[in-house]
Amino acid sequence: MADTPPPPPSFAKQLERLEEIVRRLESQELDLDDSLKLFEEGVERLRVMRERLTATEATVKRVLRREDTGGE
Amino acid sequence: MGQGLDLFAAASAEGAWSVAEVTRRARAVVEAGLPLLWVRGEVSGFKRWQSGHWYFALRDRTAQLRCVMFARENRRLPESPADGTQVFVFGRPTMWEEKGEFRLTVLELLSTEAGGLWQVALEKAKAALLRDGLLDPARKRPVPLYPRRIAVITSPDAAALGDIEAVVTRRWPLAELVLIPTRVQGDGAEAAVCAALASLGRVPGLDVAIVGRGGGSKEDLWTFNSERVARAVAAAPVPIISAVGHEADVTLCDLVADLRAPTPSAAAAAATPDRVEVLEHLAHLGARLSRGLASRADLVRERLDRSLDDLEAAMALRLERYRHRLAAASGQLDALSPLKILERGYAVARDGEGRVLRRVAQFPAGLRFRLRVSDGEVPARVADA
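Protein sequence lines, in the order shown, are assigned to chains A and B.
Each residue of the first sequence is one higher than the last, beginning at 1 in my numbering.
Each residue of the second sequence is one higher than the last, beginning at 1001 in my numbering.
Chain A on its own, in the form it takes in the complex (with noise of 0.2 Å):
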């Protein structure tokens, strides 16, 4: 199973930073420039995850060698 890709990025991880800066901007303590930085950051997330979300590709299938299971 060595040839097995490493996995894609974990959408959890991206949607919780998502919710971090939408929280911290919510929050009010910054600065305004830190607060346009992370506006930015936080649109620029929400495009690629909804990309990765409309994209229509069909779902990658990996079927691992019977050997692999070491079953049969």
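None of these hints come from the bench; they were simulated from the model.
This one's a predicted model, so the numbers in the text were calculated from it and none came from an experiment.
Using N, Cα and C, we set each Cβ at its ideal position, and we do this for glycine too.
Be a bit skeptical, because a hint or two may be false.
[To be verified] For lysine to any residue, the following SDA-like pairs were computed, each having C-alpha atoms within a straight-line distance of at most 25 Å: (1) A:13 x B:1284; (2) A:13 x B:1258; (3) B:1099 x B:1140; (4) A:13 x B:1303; (5) B:1047 x B:1148; (6) A:13 x B:1201; (7) A:13 x B:1384; (8) A:37 x B:1304; (9) A:13 x B:1239; (10) B:1140 x A:10; (11) A:13 x B:1205; (12) A:13 x B:1269; (13) A:13 x B:1215; (14) A:37 x B:1291; (15) A:13 x B:1019; (16) B:1140 x A:12; (17) A:13 x B:1135; (18) A:37 x B:1295; (19) A:37 x B:1303; (20) A:13 x B:1173; (21) B:1099 x B:1019; (22) A:13 x B:1279; (23) A:13 x B:1277; (24) B:1124 x B:1082; (25) A:13 x B:1144; (26) B:1124 x B:1019; (27) A:13 x B:1344; (28) A:13 x B:1047; (29) A:13 x B:1148; (30) A:13 x B:1286; (31) A:37 x B:1134; (32) A:37 x A:19; (33) A:13 x B:1202; (34) A:37 x B:1290; (35) A:37 x B:1302.
[To be verified] Derived coverage of chain A by chain B (criterion: at least 3 residues anywhere in the stretch with Cβ under 8 Å from a Cβ of chain B; other residues may be distant): (36) 19-26; (37) 39-50.
Fit chain B to the supplied structure of chain A, relying on the hints for placement.
Quick look at chain B alone, frame taken from chain A:
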């Protein structure tokens, strides 16, 4: 029977039958005379041989019948019958020539207890799992919300796989399905499913695994009632969703799994978020992002305005103070002004360099000097003596 008796009566000592001939003949008579039949009785003296064959006797109050159930028949059964069990057996009466023994070759065996041997085996395995804490609900791991890789342990040619693929593609195409093909019923299925479960640890980044099959007969589903498979599920490195495709029958695998789904499709839905809902959530987050920045900007603007006001007020105050000091200073200046004295008729004499001349000695004859009076200066000269 007359004919039989005649047969034996006709034999002389010289023409004696061999043992093998007698037993062979007896076997032919038994097999011809007794059809395949069901027999009811109590199991006694049960013994399993190394070969896997079962040997036991069926008894009732007055008689007993030797039985053999070969491995190829008995391996379909989940459990061997304990001595004392009331059973129905279906078999062929025959003679075992080597031992000269009349016996029944058993093809099928059913326990008369509720649920039969299957139930007995199930309860036994369940008790063992319970004892080891594997049925404790607190053991159940949460299924990750946004899986990246989902392993599917099932038969590669079953409808279950297609169902799972369709649901995952529709709901969460971000996830990658890793199919671990395995036999799910029949000989070797138990070992194959266990091996597939053990191989999950070698899939990097795996979040969850679905183990299952479509519906089938009770015997078909038996693999998932095996204690060995249940223990392999419990030992799996990722949360396991069990989908053994029978709403009614809960298998041991279902009980030990972290989540039980009634069908493979339901398992796929349980393993994935719905992307439509996630997109809605993202839209909501986007709106909050914009509002957050806007209100942030508003706040800064307000603060800026307030600062400007403060600045203006401070400046005004300061100017006022300066004005006061200026007025006071100019009053003082006015009071001290030598011009006031000059207005009263005094004059100040200065030499060419502007030095004030205060003494007679400073006025030699002929010195030119200037006299400052109230409205200007007058050139002057000391008269000759």
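Evaluation of the provided hints:
1. A:13 x B:1284: holds, 18 Å
2. A:13 x B:1258: It holds: about 23 Å lies between the C-alpha atoms, which stays within 25 Å.
3. B:1099 x B:1140: Violated. Residue 1099 (chain B) to residue 1140 (chain B) sits at ~56 Å, over the 25 Å cutoff.
4. A:13 x B:1303: Cα-Cα ~35 Å, so violated.
5. B:1047 x B:1148: At roughly 51 Å apart (the allowed maximum being 25 Å), residue 1148 (chain B) and residue 1047 (chain B) break the hint.
6. A:13 x B:1201: Between residue 13 (chain A) and residue 1201 (chain B) the Cα gap is close to 22 Å, so the pair holds against 25 Å.
7. A:13 x B:1384: Violated - the C-alpha atoms of residue 1384 (chain B) and residue 13 (chain A) are around 110 Å apart, more than 25 Å.
8. A:37 x B:1304: holds, 20 Å
9. A:13 x B:1239: Distance of about 19 Å is within 25 Å: holds.
10. B:1140 x A:10: holds, 23 Å
11. A:13 x B:1205: holds, 14 Å
12. A:13 x B:1269: The hint holds at about 21 Å.
13. A:13 x B:1215: The hint is violated at about 37 Å.
14. A:37 x B:1291: Distance ~15 Å between residue 37 (chain A) and residue 1291 (chain B) Cα, so the pair holds.
15. A:13 x B:1019: Violated. Residue 13 (chain A) to residue 1019 (chain B) sits at ~83 Å, over the 25 Å cutoff.
16. B:1140 x A:12: holds, 21 Å
17. A:13 x B:1135: Measuring from Cα to Cα gives roughly 32 Å; hence the hint is violated.
18. A:37 x B:1295: holds, 15 Å
19. A:37 x B:1303: holds, 20 Å
20. A:13 x B:1173: It holds: about 17 Å lies between the C-alpha atoms, which stays within 25 Å.
21. B:1099 x B:1019: holds, 10 Å
22. A:13 x B:1279: Holds, because 16 Å separates the two Cα atoms, which is no more than 25 Å.
23. A:13 x B:1277: holds, 17 Å
24. B:1124 x B:1082: holds, 13 Å
25. A:13 x B:1144: Holds - the C-alpha atoms of residue 1144 (chain B) and residue 13 (chain A) are around 12 Å apart, at most 25 Å.
26. B:1124 x B:1019: violated, 46 Å
27. A:13 x B:1344: Status violated; Cα separation ~94 Å.
28. A:13 x B:1047: Violated, at about 59 Å.
29. A:13 x B:1148: Measuring from Cα to Cα gives roughly 11 Å; hence the hint holds.
30. A:13 x B:1286: holds, 17 Å
31. A:37 x B:1134: Roughly 50 Å between the alpha carbons, so the hint for residue 37 (chain A) and residue 1134 (chain B) is violated.
32. A:37 x A:19: holds, 15 Å
33. A:13 x B:1202: holds, 23 Å
34. A:37 x B:1290: The given pair, whose Cα atoms are some 13 Å apart, holds under the 25 Å limit.
35. A:37 x B:1302: holds, 20 Å
36. 19-26: It holds, with 5 qualifying residues against the three required.
37. 39-50: It holds, with 6 qualifying residues against the three required.
Hints 3, 4, 5, 7, 13, 15, 17, 26, 27, 28 and 31, counting from the list given before, are not met by this structure.
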